Structures are given as structure tokens and as C-alpha cells.
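Enquirer: Keeping their order, the protein sequence lines are chains A and B.
Mapping to UniProt numbering: the first sequence position 59 is 59, numbers consecutive.
Mapping to UniProt numbering: the second sequence position 149 is 149, numbers consecutive.
Read the hints as simulated data drawn from the structure, not as lab findings.
It cannot be assumed that every hint is accurate.
[As the list claims (entries may be wrong)] Residues from chain B shown here face chain A by an in silico Cβ test under 8 Å; the list is partial: (1) Leu-148; (2) Lys-182; (3) Pro-209.
The structure displayed is predicted, hence computed values, not measured ones.
Even glycine gets a Cβ: it sits at the ideal position worked out from N, Cα and C.
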Amino acid sequence: MAALRGLITKGSLQKFVCSNVRKEFKNRIFARCSHFTYVPDTPQAKHGETTRMNLFQSINSAMDNALEQDPTAVIFGEDVAFGGVFRCSIGLKAKYGNDRVFNTPLSEQGIVAFGIGLAVVGATAIAEIQFADYIFPAYDQIVNEAAKFRYRTGNLFDCGKLTIRAPCGAVGHGAMYHSQSVEAQFAHTAGLKVVIPRGPIQAKGLLLSCIWDENPCIFLEPKILYRSAIEEVPVHQYTIPLSEAEVILEGKDVTLVGYGTQVHVLREVANMAQERLNVSCEVIDLRTILPYDFETIAKSVVKTGRLVISHEAPVTMGFATEIATAIQAECFLNLEAPIQRVCGYDIPFPHVFEPFCMPDKFRVFEAVKKVINF
Amino acid sequence: MSRLLSRKVFKTFLKFHEPCCLSSMQQLLKPTRVLANKVQYINEDRPEFPGSKSVFVNKLKFLWPEKMEGIPVYRVMNRKGEIYDSSEDPGLSKETVIKMYKDMTMLNTMDRILYESQRQGRISFYMTNFGEEGTHIGTAAALNPKDLVFGQYREAGVLMWRGFTLDQFMNQCYGSCEDMGKGRQMPVHYGSKDLHFVTISSPLATQMPQASGAAYGFKRAQNGLCVICYFGEGAASEGDAHAALNFAATLECPVIFFCRNNGYAISTPTRDQYRGDGIASRGIGYGMVTARVDGNDVFAVYKVTKAAREICVQENRPVLIEAMTYRIGHHSTSDDSSAYRSVDEVSHWNKEDTPIARLRLYMIKKGWWNDDAEKEWKQDSKKQASHGSLCKS
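All chains should be built: construct the whole structure from the sequences, respecting the hints.
Expert: Right under this line is the structure:
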């Protein structure tokens, strides 16, 4: 005991021990919780100076840029003022004032409607819904109001300057109310844009595109990546175009389509397929769910003839269903095998059984085998 | 050990709070030596909870709403058009009062013609404003014409006051090629960017929290304007209404929430809608400045709106106004109100207490209006409205 105390009091050694213990603890937790291996992106040289950031830091950086450039821009939501429960708005109140980064009462419909009103009078409104699972009280405001504002007013009024951010997806221990992927619920509504990034570099560029876009956007952030995904992210402002999918790995035999965290699962599956089956997979990150980039997927399917679509959200009426239907209609004669959907099951998202519910690499790999052997 | 620790903590405390706090610190600790039944810390005299700092009481006392006196209804003018207290007379000019009267009656005439147009199959749907003209014109006249309006659907008079032409009303209801809304919405879903009137949407109460957000935007822009949001006592039951009032109060938004309590939400009477003292009683709960007004008294509505506007703009805080009125018409052309209220009830209000009749009596007393003027205006307004309607069909 005394010996240990002696060690700990020595400043540098203490730091070393603590950081190692923390790292080990983090690794163990992460290994238990995550069903994928994160592969960092490389920043583009044209975007200039970079800093090491995780996902919440890159979101913070994007909002920092937005507030700096646009004096009408405001950030608000539950617990946003002190930095947010995921720390996305940390430091911004101190930098831009409490009239620009502020708490709201606890009401999701209030938050979204407040943002609509702000956007109607010309302010850039960045609303945070604490978890995507809690966005449903605001469903009416999003679907009946935000999405239809420009159309129903004959373009007299619009709320295009509204962006709604919400953490989504599995996190290892979130159960049914902290894990849901809600993108398909909103993909059924014309007038909205729905975006999900796969990592920090993508998140910053896509979020800034949403903020400056002239239509209301829902930006869903895979919460498991907030701390676990780390990349060299450009410090200054840059945008990544919406409604453009990205081919992140070229291949010739099977097309794998996903978005958000699932992209990393697909990347691993592509490696497995190459190593074990000598099958070359093309991996596409859809990035924008609505309106989505059909052409990139179709071009790839024309080349490969096989399509596997994968997302965490439940399979029935999930976005994979839409892609599969559209692709079979347009590329029927190019297909060598039925399109496969590897998705969450049609159940409430489980707690202790989460690992069995995930569309993990083994399930996707089975689907790859199936389309190859058809 | 624990005593040692507490002494150490106490010393540290003194180090940071000496010497002015020393005496209060001693006071704080002293009562612990007093007999148990007499112990009362100085800082326990008042509640210090984060959520309340009111007072402590030692007897249990529920608050019984029925034992409280109802919130009074402010009025300036009685049903005979007489001003109660000349100091409360808004003192509007003859021209303004005549414009008020003409707009109220023109709205009435337009309603009759468009109601009939629907019955004749020329338009798909319509909602009249009968009986509520006073709330529309009274508020509109008191506002800055650039104050932004978020309406529910029965506020056509506000647009009329601001200069929306009969043609523009007709274009929207007929869904003509000249409709600014491009024929996309059902009749009466008006909107005008030039007249600062946000296009109506059918879902109820959704406009309310939006109005709070817009008002926050105005506050930040420091443009000296406010937002007014109209809603019915039925819409006030929606969750959006709660969010709107709470957001406006906590985020200090310059917005007037104007409730038109007309007694019915389609067929649902107020008795089935709420059990408290109307909508006004909720304002206090949100920490909002609140008033209740006789909605059939256009001067009272004018006065309360004018004063509310001052509070909004000067103090950056919301105001809730509940205007008590009566919906004389059916809810819409799809509704027959005889199924849920007696014809006698409706005709009582129509005969005894309409804002138009009250204002006319006032004008006649002032010598600004007479039977000839009335007859002439009736013909003229009817001609204007029917001409527009016929052109569209």
C-alpha cells in the first residue's frame, strides 16, 4: 500500500499509470461494446490545417465555424448551454454568449418548433434533440410543419435555415430508448434532408452543408463514434455535398451499401470477403438518406451485379427496402442474385442481447456468400 | 476523526470567508445547542430549493381552484356602445373608428358571399368569422403593421386590416392562378409576406411554439417588433401550446399569445375542453403577464393589445391575452352546429352581443354614423365582395 502511494505521488509516474489503466479500461469496454473496427479517413490537402478530433469535437468545430461566420446562427436544446450531454457544444456559450448557445425547456416539439420560428424570420437555427429516440414528440412539427413550410406557403416563407441534430444508433448499452436509428421514419417525408456521417471528417463537412442548406435537415450522429472515432480534421470551414454517396472502396463482384457506423462493418466484410473468398467488394457510404444518391449505387450494381444493403434500423420498411426496390426496378437485368438486406430485426432494440441484434460482419459476410453462390 | 475533519473544514471555510461572514457562520452553528423542538436555522426561514423560494407554512393547505375568484374580464364599452370610464377610452380618431367598423362589416359581408359560394359548389370549403370580428380588428389596429402574425385559421380580419384585398382573399379561396399560395392549400389558408402574416397551416397549435422562436429571432435582431400568435381555447389543449408558452416565458420572447375563447372547438364546449378558469389562468403558471378581455368590445381588445405590445417590446417578455367571445357561425362549411348547440343560444348572441353592433352604437352616439350611411355601406360592401367572387368563378 505504502509502496503504491509512493509511486502515485511521483507526478510523471502517476500520469503514466493512470493513462495506461484508463486506456486499458477503455479498450476493454470498447471491445465489449463495439461490433466494428474503426478505420480513420484521411483529410483532403485542400482543406488545409488539421487537428486530431473525435466525432463530438468535429461537430463542435463545425458549429464553431457556423457561429463565427453567421451572426444570426444560434444553438439550442436540452442541456446545450454547459456543453451538451455528449459535449458537442462545449465552450461555445463562453465564446459566443448565452443568447446564441442556450438551454430550452424539456420539450422536443418545442425545440423543433422554436427552430422553425427562428428560421422563418431569417436566423440560422441549429437545434439539438438529446437522443434520436426522443425526437418523436417533434414528429408533427418536423413532418407537418418544417418539411412543408416552403411548399404550403408558395415559397412566401420557409424554414430552410433549420438543422436538427440528434445522436442515433447502437452504443453497446443503450437498450430500446438510447439506440434507435430513426432515419427511415423521416425518409418518408418530402421536403426534408436526412444525413448520417461515418466519422469526424465527414461529420464536419456534412453538418456545415446541412446548416447552410436551404431546406430543413435532420443530421443524425452515430453516438458510438463520438469518442471512439478519431481523425485528423481540418480546422477551417469546408463542406461535403449532400445527396452524394461516396465509393470508399472499389470492387468488382459485390456492392455493399450502408451509412454511419455500418460503413465500418462493411469495410471489414470487404476485407474478409477478399481474404477468405477472393471476392472483391465495392463499399458505398450513402451519407445522405434523403434525397439519396441512386445513381452511384446503380452504377456500382451495373458493374458488380450483386447488392447487399445493411443498416442497424429494423429491416421492415427500413431504407434498405427502398434502395432494393429502386435498384431491382432499374437494374433488373444486371442482377446476378437477389438483393440482400442485412439489418436490425423487427424488435424493440434489446439491452443485454444487443450483440445478437446487430447486423454484424458475420451476418453481412453470410449475405455476401449468398449472393456469390446464388 | 470526523470531528477533526469538520474542524479542519470549518477552518478552511473561515479562511475563505473571513471576516464578514464569521458572525453569520457562528449564527448558523449556534442553534444546534438549543433544545430539539426549538431548533430553527436562520437559513431555514425561507425555502431555498432550486425550484422554489416562496415561504414555508406549518399547516397543510390545498389550493382549491373553485374557491378562487375568476380572472376578471376587462371591458371599456358596454353592449349599448357606452364607455364606462372615459379615462379608459382609447380616444381613436373618427377615421380610425370608421375603418375599424368598415373592415369588421366587410369581413362579415365577404364571409356571407364565400359561405354561399361554397354552398353553390364554387369553392371547396370555407370558415366564417361571424362574432369574432372584434378580436381581429381590435388587435390588428393596435399592432405595428410589421409585427409578425402567426394565425390559427380564423383571423381573416387581421389580414383585411393590413390591406389584403378582396381579390387576394378570393384568389386563395378559389385556388386561382393568382393565388400567392399557388393553389396548394384549402381555402382560408391565407398568407402574405408583404403583410407579415405567416401562411396558415391546418394542424392546430403548431404555430404557437414557432411564434416563440420567431419572437426570439426578433429580440436578437433588435428590430423593435413583436410577434402575435392567435389560437383558440381548443388548440390550447395541445402539447404545442404548453411548449409555446413555457419557451416564450423562459427564453424571454417578445410575443403576444392571443387566445380567442369563442366557446367551441368544432362541437366541443369549453366544459369538455378544460376545467380551470379558462386559458388566462395558465399564464400566471408560466410566469407570464396575463389579461382577460371582452372580445366583443373592440376598444378593450385594442387597449389590451396595445399595452401588451409595449410590455413585449420594452421588457422582452411574452404576454398572454384571453379574449372571451362567441363563435356565431358554424365551425366550417363541413359543420352544422345545430347538432350540438341550440339555435336559441346562437341567436341570443347574434342579437344581444356582437362586436359590430356595439361599435355601431358607439359611432351613432358620437354622430359619426347613421342609418343612411349604414344602408349605403351595406350596398357598397356587398357589391365589392360579390364582384370579386363572381369574377373568380
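Enquirer: State for each hint whether it applies.
Expert: Going through the hints against the structure:
no., hint, result
1, Leu-148, "holds (7 Å)"
2, Lys-182, "holds (4 Å)"
3, Pro-209, "holds (3 Å)"
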